[in-house]
Amino acid sequence: KAGVTQTPRYLIKTRGQQVTLSCSPISGHRSVSWYQQTPGQGLQFLFEYFSETQRNKGNFPGRFSGRQFSNSRSEMNVSTLELGDSALYLCASRRTGERAFFGQGTRLTVV
Amino acid sequence: KNEVEQSPQNLTAQEGEFITINCSYSVGISALHWLQQHPGGGIVSLFMLSSGKKKHGRLIATINIQEKHSSLHITASHPRDSAVYICAVEEGTDKLIFGTGTRLQVFP
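Line order of the protein sequences matches chains A and B. Heads up: the first sequence at position 57 corresponds to 57 in our numbering, and the numbers run straight through without jumps. Position in the second sequence (first residue = 1) + 1000 = our numbering.
One chain only, chain A, in its complex shape (with noise of 0.2 Å):
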């Protein structure tokens, strides 16, 4: 069974740039999650979509926003990207209820 797709793996953009980050759930998961990792903050939770509607959203500035399409595949994009948004951007997939399965990470690099 295949895992959890996130693409690209790696990204270097410019500050004031927009990125799109891509990923797709195990087949049949509904549920996916994006979570942000850095040095400084750690693990941060950013947005959960489920049947193509967001139903959770972290603390996060609207620059950061996602949406699901009707095969539950997710994206995120990142507006006017700022130094601070160099992460290590993960993707998670669930069945309701069972536990998470990650994707291996976007690290995205602002310079």
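Fair warning: there could be bad hints in the mix.
[What the hints assert, rightly or not] Dumping the calculated DSSO-like pairs for lysine-lysine here, alpha-carbon to alpha-carbon at most 30 Å:
#1 1053(B) / 1095(B)
#2 1068(B) / 57(A)
#3 1055(B) / 1095(B)
#4 1095(B) / 13(A)
#5 1095(B) / 57(A)
#6 1054(B) / 1095(B)
#7 1068(B) / 1055(B)
#8 1095(B) / 1068(B)
#9 1068(B) / 1054(B)
[Said to hold, decoys possible] Derived CB-CB ranges, DEER-like:
#10 69(A) / 1015(B): 40 to 48 Å
#11 109(A) / 1022(B): 30 to 38 Å
#12 80(A) / 1015(B): 46 to 54 Å
#13 61(A) / 1030(B): 34 to 42 Å
#14 28(A) / 1040(B): 25 to 33 Å
Since the hints were made in silico from the structure, they are not lab data. From the three backbone atoms N, C-alpha and C, an ideal C-beta is built for every residue, glycine too.
Based on these hints, arrange chain B on the given structure of chain A.
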């Protein structure tokens, strides 16, 4: 004060030792997760608990809901257990709040 506190932050052990990592939380939760992160970033979910105790191989996780405390035990530790172990509590539906992690190094 963080909503999820883990201890210790760093742990070194000799191969074969019994290891305990602790997690305390201050919010109401629907479940607690133990995660393992190896260098390079990949995260593996070890356990999801809402009560009692779970065991998988050499790993045991327990939770005391009344005391808002969970422990992860590793029996007969091995160098391949070296990783960061992260406790995360689930608040509501699918929103995880993470501890800062425990970095474990097991030496042969």
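Hint numbers the structure violates, sorted upward?
-> 13
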